[in-house]
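Q: Take a look at the letters that make up each chain.
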Amino acid sequence: MHPETYKPPALPSPFSTTTSPPSLITQGAEAHLYKTCFLAPDTPAALKIRPAKAYRHPILDRRLTRQRILQEARCLAKSLREGVNVPAVWALDWEGQGGESGNGGAWLLMEWIDGPVMRVVFERWEKFLKRNQGSLSEEDVAGEESRVRGLMERIGRAVGGLHKSGVVHGDLTTSNLILRPFVGGSEDATTGEGEGEGSPSMEGDVVLIDFGLAAQSAQPEDRAVDLYVLERAFGSTHPKTEPFFDSVLKGYEQSYKGANVTLKRLEDVRLRGRKKSMIG
Amino acid sequence: MSAAVETLNLSHLPLPVHLALFQDVHNAPFLRQQLISGNSDFEYALIDASMILSRSHALSAVFRAVNDSLNGRLKSRNVHSEIVYSLGATNNIADSFRKFGITDSTKNLLVVKVSVTPDITHDSVAAHLTQSIEGLPAPFTDESLSGVSDISKIKKAYKLGALSVAAVDTTNGTHAQDRKLEQSVLGAIALRGAT
Amino acid sequence: MLAIGLEGSANKLGVGIMLHPDDGSSPQVLANVRHTYVSPPGEGFLPKDTARHHRAWVAKLVKKTLREARISVDDVDCICFTKGPGMGAPLQSVAIAARMLSLLWKKPLVGVNHCVGHIEMGRLITGATNPVVLYVSGGNTQVIAYSSQRYRIFGETLDIAVGNCLDRFARTLHISNDPAPGYNIEQLAKKGKQLVDLPYTVKGMDCSFSGILAAIDALAATYGINGPEKDEEVDSEKSVEEGGKPTRADLCFSLQETIFSMLVETTERAMAHVGSKEVLIVGGVGCNERLQEMMGIMAQDRGGSVHATDERFCIDNGIMIAQAGLLAYSTGFRTPLKESSCTQRFRTDDVYVKWRD
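Chains as they are written, first to last, in full-length UniProt numbering: chain A, 1 to 280; chain B, 1 to 195; chain C, 1 to 357.
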């Protein structure tokens with residue numbers, strides 16, 4: 001399948017008739033993400049559309065689509081109010097097109113967050129290490145590791161801040177964390193590009209995105225599962241960073257009172273998750 | 001003095017929107033009376049500008065109301081009353097009008113008109129407002145709005161009194177706080193009625 | 001190279017022979033025989049009974065396999081057996097048989113991870129080169145993708161396996177276990193019309209099924225339709241919302257629609273995460289045509305495709321063990337006799353996949 005032959009589903013109103021059509025950024029699992037604007041052309045916005053899923057029974061599909069777009073918007077709004085770095089909610093349509101008999105198309109318009117996703121940052125870092133395996137001094141390697149540990153600690157703090165606000169993310173992967181460059185930061189950091197050769201910049205705010213599976217919860221269990229999902233995402237996507245995952249937990253531990261209860265629970269969740277290949 | 005009407009095409013919406021801000025308004029009771037009596041010449045969203053934080057705040061409510069109108073989901077009489085309703089964070093229309101609509105004591109007034117029919121133009125709106133509103137035209141800018149907005153009343157209306165600010169990312173504390181309040185208000189407008 | 005594979009980690013005993021021609025042409029299945037231990041309706045299979053079944057049948061099946069493949073013992077290069085994961089007693093009885101053959105025939109042993117066996121067989125049969133793999137059976141529920149010499153688990157069940165959920169609901173309804181409880185649920189679900197509300201539990205790429213099982217068991221009990229089928233059951237005129245009563249078929253239908261939606265959703269999330277457009281479904285539940293259909297629609301919407309196999313290859317068998325074993329054998333892997341024990345716990349990502357780039 002070639003990208004040029006792929007046609008995303010038709011946009012729901014009012015984006016179906018707009019003069020500067022939103023441009024497709026990613027086709028996520030549950031939703032299509034577009035870049036567009038809000039109110040005026042110079043205000044960039046992220047438009048998340050949840051098209052109907054043809055594989056699902058229509059009743060189940062409507063139930064899930066409505067429930068999730070609302071839940072996502074509520075969780076974003078709540079964590080934003082609590083001072084967590086997340087995109088602001090700007091507009092929303094949970095009914096979808098044509099109401100009950102329609103074909104879905106619920107949407108959520110949010111603040112656009114600039115910067116590369118962490119997956120890209122870590123991939124670049126792993127590539128950089130691989131390419132320079134021979135030429136880096138022990139000191140260089142130690143410096144690189146401490147930079148990565150620092151970033152991972154900030155990721156831990158961001159997740160802790162989210163949990164403190166009473167929200168769990170539900171889908172913490174390195175694709176759902178953006179490194180937003182500081183305003184007035186270096187050119188490299190701002191564009192997230194032009195870093196083909198060097199080790200990537202790790203400066204900026206850690207912003208949590210994609211709250212498609214988020215929920216309001218203060219349960220140690222839910223929080224621990226969040227961390228477990230993130231831990232596994234690091235393990236499966238960035239094997240080289242896995243040994244530093246304790247830095248994420250360190251940042252997390254410092255971020256709110258009661259974090260240690262969650263970390264204790266994480267040990268149980270790990271054991272439970274890992275024994276689940278028992279019966280062939 | 002002629003009204004300073006700004007005409008905008010909000011992104012994604014097919015209908016132009018006309019906005020005008022007035023300060024030191026003297027005939028609020030008369031204007032309010034026209035709304036109550038249903039005088040169709042005065043079919044405007046008449047908003048107490050002290051309840052508006054910024055352009056984005058007002059325009060978000062317009063966006064929501066026009067979009068709901070396009071999708072046949074109006075909860076109030078027309079798109080103009082819907083704009084006032086959309087400013088509120090609850091499903092209570094009367095409550096939104098009490099909090100955000102014009103009152104007899106309104107001094108700063110934001111007027112919004114949507115071109116629901118082709119005969120509603122910048123000029124027609126400007127002409128009618130110049131002749132009907134006794135007040136000083138002011139530009140519809142963040143600056144003039146922040147000069148008149150009553151932050152504590154706005155926070156109360158959106159139940160955002162306890163809004164906390166993370167200390168870490170504030171190079172300019174006041175600015176970050178204002179922005180967070182505004183962004184939280186936009187979220188409340190978008191989520192109104194979500195059950 | 002030629003290998004005989006022995007599989008018996010659950011209630012299926014399978015023996016198969018795979019040939020990897022020396023000229024590098026595509027591998028061939030020379031024989032694939034299986035015998036299943038079927039428990040009575042309302043009951044699951046117990047380890048000791050299953051192990052007894054495997055012991056009673058393994059010699060017969062090995063002889064039959066050699067006959068069907070028309071080969072002699074001399075042609076065999078290695079004896080592959082399931083090292084795990086699985087139920088302890090049945091695994092052991094098959095491992096003992098493999099050791100016996102190894103000593104008798106003087107051929108090396110190759111211990112194989114059951115899950116890797118499923119993946120390699122699925123890849124061979126369907127020609128899918130680098131798919132996201134959904135491995136669904138009575139004991140496992142995993143979403144897997146290959147990366148740097150490992151089959152990495154992106155998502156899995158947080159409690160019971162999806163097949164276990166189906167099997168146990170079949171027991172609740174006293175549905176026959178012959179040929180398989182899941183197959184009979186699938187047939188009954190085809191007659192289902194209305195969807196009842198069940199919990200839907202997806203966390204990231206992980207799923208949970210125990211809450212759904214409890215909910216549907218409770219529904220069956222509430223409406224008095226658990227236990228053996230009663231003759232008088234008729235379709236209710238009213239829907240459940242209108243105070244009507246769901247049928248047994250409605251419950252099977254709703255269970256399938258709900259849990260398969262969860263599986264397709266987590267698989268899609270993994271595909272989006274690794275940027276893959278191909279899906280391969282393996283494991284016994286992978287035979288389910290509704291699951292294949294749903295996965296196909298999802299893959300098509302993403303501009304990709306689904307690969308699935310039929311019951312010969314999806315359901316536990318010996319050739320998948322021979323296939324994965326031969327791949328390892330060809331890279332020099334051997335399992336010395338004293339290390340030829342088996343293990344109930346053996347994660348898919350514990351295997352070093354030396355034979356792939």
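Hints were generated in silico from the structure; no laboratory data involved.
Careful: at least some of the hints might be erroneous.
To be verified - Taking lysine-lysine pairs in the DSBU-like style, the calculated list, with each CA pair at most 35 Å apart, reads:
| id | chain 1 | residue 1 | chain 2 | residue 2 |
| --- | --- | --- | --- | --- |
| 1 | B | K107 | A | K35 |
| 2 | B | K75 | A | K35 |
| 3 | C | K63 | C | K48 |
Q: Which constraints among the numbered hints does this structure fail? Numbers only, ascending.
A: Per hint list: single violation, 1.
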